[in-house]
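For the sequence shown, my numbering gives the first residue as 2, with consecutive numbering after it.
Hints are computed from structural coordinates only; laboratory data are not their basis.
Heads up, some of the hints might be wrong.
Here are the simulated DSSO-like pairs of lysine-lysine, each with C-alpha atoms no more than 30 Å apart in a straight line [said to hold, decoys possible]:
(1) Lys88 - Lys184
(2) Lys88 - Lys75
(3) Lys149 - Lys75
(4) Lys210 - Lys249
(5) Lys296 - Lys240
(6) Lys210 - Lys240
(7) Lys140 - Lys184
(8) Lys210 - Lys149
(9) Lys88 - Lys140
(10) Lys140 - Lys210
(11) Lys175 - Lys240
(12) Lys175 - Lys88
(13) Lys175 - Lys296
(14) Lys149 - Lys240
(15) Lys140 - Lys75
(16) Lys296 - Lys249
(17) Lys210 - Lys184
(18) Lys175 - Lys75
(19) Lys175 - Lys140
(20) Lys175 - Lys210
(21) Lys75 - Lys184
(22) Lys249 - Lys175
(23) Lys240 - Lys184
(24) Lys184 - Lys149
Quick caveat, the model's predicted, so the values are computed rather than measured.
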Amino acid sequence: MSSFFDETDYENEDLNEFEVMVYRANAIHLAINILKIREIITVQPITPTPNRHHFVEGVIQVREETIPVIDVGKVLDLPTQNNDQTKMMIVEINELTMALFIEDVDRIVRVNWSNVHNADEIAAGSEAQATGTFMLEDKSIFLLDYEKMIMDIVSESSLSDNDTQRYVSEREQKVVVAIEDSKTMLAVLRSQLISAGYRNVQYFDDGRKAFDALQQLNYCDLIVTDLEMPGLTGHQLTKYVRDDRNYKAVPIVLFSAIESENVVERNDEVGVSAQVTKPNYEQLIRVMDHHANVKA
2 MSSFFDETDY
12 ENEDLNEFEV
22 MVYRANAIHL
32 AINILKIREI
42 ITVQPITPTP
52 NRHHFVEGVI
62 QVREETIPVI
72 DVGKVLDLPT
82 QNNDQTKMMI
92 VEINELTMAL
102 FIEDVDRIVR
112 VNWSNVHNAD
122 EIAAGSEAQA
132 TGTFMLEDKS
142 IFLLDYEKMI
152 MDIVSESSLS
162 DNDTQRYVSE
172 REQKVVVAIE
182 DSKTMLAVLR
192 SQLISAGYRN
202 VQYFDDGRKA
212 FDALQQLNYC
222 DLIVTDLEMP
232 GLTGHQLTKY
242 VRDDRNYKAV
252 PIVLFSAIES
262 ENVVERNDEV
272 GVSAQVTKPN
282 YEQLIRVMDH
292 HANVKA
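From just these sequences and the hints, can you work out the full model?
Here it is as structure tokens:
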């Protein structure tokens, strides 16, 4: 993916930090990793489409590419508040391209994920659509669960019966730790691993909690981790594991919607064994089998 922000100084970042763009939608302050942003454009003419999801306003044409337009206000169950500052943010997530209506761009900030709190720690409401929140000055900034939004739009589960994985009994013997901060994606991941035979799995939605739990385990065959997570990022978690004499040789598979040259370079730097792009569960199972020495 080519990001509008590729020039950002990524190499000097702390492993547990990411740069996010803070923006407003319906007076709520939200944030998104800049590596997911392709560009920000003025509002384009929208062509309505039949039988569309209620989050979707229609489609636009950008350089001969047809892109669906998502009303973030509807995702948050809030009234739309378009004004002269309204823009369209083109994003690429889970191999899908979308345009999001946003009121205005606030700023780009560097966030340490140790300061991001899991959405479960907050009351329900608009926060139910968030994977986490952090404070910026006196404002609460929400990290929208973009993957849940996509799955809500695509279908109820985004997976057909044909997408479930073939069961292999040898997988049951493998001890796996899996981390995913999106509750929706975590539920799908759990379903896919169970159907494939990976049933001895501990699941976490927070990188720090996962690493703390690893310290209590006697053995682990494989770690599957997201990149962006409260507590610890996938890269910081990998660094901690590689520095731990008990787990430094454990294979680590990064399962992330973000795939860029910067991320690949950081994978090599910290010792990620392999990366699979969401939501390719079939490839994820193959990669897990390879690193866990499962003959499927």
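Q: Provide an ascending list of the numbers of those earlier hints which the structure does not satisfy.
A: 12, 18 and 19
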